[in-house]
Amino acid sequence: MTVKVEVIEGGIPHNKIMIAGIVSTLVCLYLTYLNVLTSTEMFSFFGGLAVVAALLWGSHTIKVLCSYGIGTGVPSAGMIAFGSGVIAMLLATKFGILAPIVAAVLAAVIGFILGYVSNNILNMKIPTMVQSLTEMAVVGALTLMGFAALMTGGFTFAGLTTGHVTSLGMVLLTHQQSFLGGCLIAVAFLLGAIAIQHPFNACLGPGWKQDRMLMLTAECGFLSMLVAAVMSFALISTGSAIISLVIAIIGWAYTYKEYMVMSKRDAAAWLDAKPIPDVEGH
Amino acid sequence: MSAVAAKPTAGSAMNPTAMAVGVVLLLILLGIAYYVYPAGLIPLLLIIVGGVLIGFGVHFVPVGGAPAAMGQAPGIATGVAMLAAGGGLAGLFGGAWAAAAGQDALVVVITGGIGGGLMMAITCMMVNFVYVFGMGIPAASGKVAKDPITGDTQAEYKSQGTEGHGLPFISFVGGVIGGLFAGAGGTLIYLELLNVYQAALPAVMGITAAQVMPIAVSAAGMFAVGLFLVNAVLTAYNITGTIEGPHDPKFKRWPRSVVASAVASALCGLVAILIVAM
Numbered sequence: 160m161t162v163k164v165e166v167i168e169g170g171i172p173h174n175k176i177m178i179a180g181i182v183s184t185l186v187c188l189y190l191t192y193l194n195v196l197t198s199t200e201m202f203s204f205f206g207g208l209a210v211v212a213a214l215l216w217g218s219h220t221i222k223v224l225c226s227y228g229i230g231t232g233v234p235s236a237g238m239i240a241f242g243s244g245v246i247a248m249l250l251a252t253k254f255g256i257l258a259p260i261v262a263a264v265l266a267a268v269i270g271f272i273l274g275y276v277s278n279n280i281l282n283m284k285i286p287t288m289v290q291s292l293t294e295m296a297v298v299g300a301l302t303l304m305g306f307a308a309l310m311t312g313g314f315t316f317a318g319l320t321t322g323h324v325t326s327l328g329m330v331l332l333t334h335q336q337s338f339l340g341g342c343l344i345a346v347a348f349l350l351g352a353i354a355i356q357h358p359f360n361a362c363l364g365p366g367w368k369q370d371r372m373l374m375l376t377a378e379c380g381f382l383s384m385l386v387a388a389v390m391s392f393a394l395i396s397t398g399s400a401i402i403s404l405v406i407a408i409i410g411w412a413y414t415y416k417e418y419m420v421m422s423k424r425d426a427a428a429w430l431d432a433k434p435i436p437d438v439e440g441h
Numbered sequence: 263m264s265a266v267a268a269k270p271t272a273g274s275a276m277n278p279t280a281m282a283v284g285v286v287l288l289l290i291l292l293g294i295a296y297y298v299y300p301a302g303l304i305p306l307l308l309i310i311v312g313g314v315l316i317g318f319g320v321h322f323v324p325v326g327g328a329p330a331a332m333g334q335a336p337g338i339a340t341g342v343a344m345l346a347a348g349g350g351l352a353g354l355f356g357g358a359w360a361a362a363a364g365q366d367a368l369v370v371v372i373t374g375g376i377g378g379g380l381m382m383a384i385t386c387m388m389v390n391f392v393y394v395f396g397m398g399i400p401a402a403s404g405k406v407a408k409d410p411i412t413g414d415t416q417a418e419y420k421s422q423g424t425e426g427h428g429l430p431f432i433s434f435v436g437g438v439i440g441g442l443f444a445g446a447g448g449t450l451i452y453l454e455l456l457n458v459y460q461a462a463l464p465a466v467m468g469i470t471a472a473q474v475m476p477i478a479v480s481a482a483g484m485f486a487v488g489l490f491l492v493n494a495v496l497t498a499y500n501i502t503g504t505i506e507g508p509h510d511p512k513f514k515r516w517p518r519s520v521v522a523s524a525v526a527s528a529l530c531g532l533v534a535i536l537i538v539a540m
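Protein chains in written order, with the working numbering: chain A, 160 to 441; chain B, 263 to 540.
Bound conformation, chain A alone (with noise of 0.2 Å):
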């Protein structure tokens, strides 16, 4: 038995963040389906905006997991989150409509045999361990889900695969252009794997606050939605792209500001050094 490092002093309970977390990914995600209904691609950022949802709530069971020293590093439930929820957002796409919704049953039953196996197999024994891994591939199946309607405007698998190229003033349809026949599946993979892992990492110790880090969850979002937004001018429109860049630039500027103010509040003391300092009479 493992013995709790640290504890969780006041702020929000995690099963409040898991449960609005899951429903405002879901949400999110199925705002973009707009997409289809209006026959544009005007919707794409609240694909982006499902990730930050995820990350905010991957990043507290992240935290919930690593308060006992798994002795393994904060990333690797990064990684192990992405890696599960890869290969449940993929098969989920296959369902059309449903697809957010299977997604996150397919990873919670991935997570939840991958958690029997942590806990059990490999003697683990953390309390927390099956339901932290659970919401994990929850996390990462549906964050890279929002990542892909982020890029392309929809959530299925006939959209992931097919793109348009415009050649000679004729629209081809090809599959080397598009979000998995061109692999931006996998720089989608490593912008939310660190952005979900780098929050608890960056912010653990003595002096960790909920708000805080938190708060450095979703610029973190913001920065990876920010790149997923300049990736998706090659797949969706200009317009609908840059709506998310502008999207994607507002939220990280005014996170970055308030994780700047929340860092000066904790901090002991801080000193407004110069980059370079002016150096006189020279």
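In case anyone wonders, no lab produced these hints; they're calculated from the structure. Some hints could be false.
What the hints assert, rightly or not - In silico BS3-like cross-links for lysine-lysine, where the CA-CA straight-line distance does not exceed 25 Å:
| hint | chain 1 | residue 1 | chain 2 | residue 2 |
| --- | --- | --- | --- | --- |
| 1 | B | K420 | B | K408 |
| 2 | A | K284 | B | K514 |
| 3 | B | K405 | B | K420 |
| 4 | A | K433 | A | K423 |
| 5 | A | K175 | A | K368 |
| 6 | B | K512 | A | K284 |
None of the values given here were measured: they were computed from a predicted structure.
Given chain A, put chain B in place with the hints provided.
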């Protein structure tokens, strides 16, 4: 108990009931594969072999973690998951290159193994360069009195208060063997998934074999990376922290990891194969 003393205590004890449940789970997953998509059974078995190779191979890799970065424990100064990913993905790239050149399966898997082993050999050598010439510490193991291969005594070189430091010869050899296993395992997974997708995706999507290539390669590569990371992290959970190499007492925990990797690979491999069956 203070935070410092609260080290992971997942000992080397085996849990026979859980192992039995694991084996039953493995058989159930194979049964589902046979029932839903019979052509996927042999690839799934080979995916499981690949996953087990990864899980077993990672135990050889000398993982030092943060103590190694401070010169207080032997091994490479990073976590298990990162090292396994580095060595294994390098192998995967090597194997994928051989597969693209149209080589047969054995050559592809061996190329993948050599890629992983080469990556680990370079990593181990550069790590020792940094330790010896950068940090000024000799290589000494804290777990054995004599190096099992060269027979060099270790105690004279070990600083007091440390568990050894640097990268002794046995750890170097262990790293290369681990890279070989992990690279070969990752490549085997990629190759099997690629074959399944190349054979079945054109009919599923209603396009030609040439058009399906980018999707098959990308999906197989992505699944191989996902399976690789799952197996590497599960092995990291088995090792819990640092390991010096094949001579470390923690190495004896490998049977647990083999069962765990087999179950995890069967599960993830089944889901990956179901894409063409649904």
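Hints versus structure:
no.: 1; hint: K420(B) to K408(B); verdict: holds, 12 Å
no.: 2; hint: K284(A) to K514(B); verdict: holds, 19 Å
no.: 3; hint: K405(B) to K420(B); verdict: holds, 11 Å
no.: 4; hint: K433(A) to K423(A); verdict: holds, 16 Å
no.: 5; hint: K175(A) to K368(A); verdict: holds, 17 Å
no.: 6; hint: K512(B) to K284(A); verdict: holds, 17 Å
Checked against the numbered hints given earlier, the structure satisfies every one of them.
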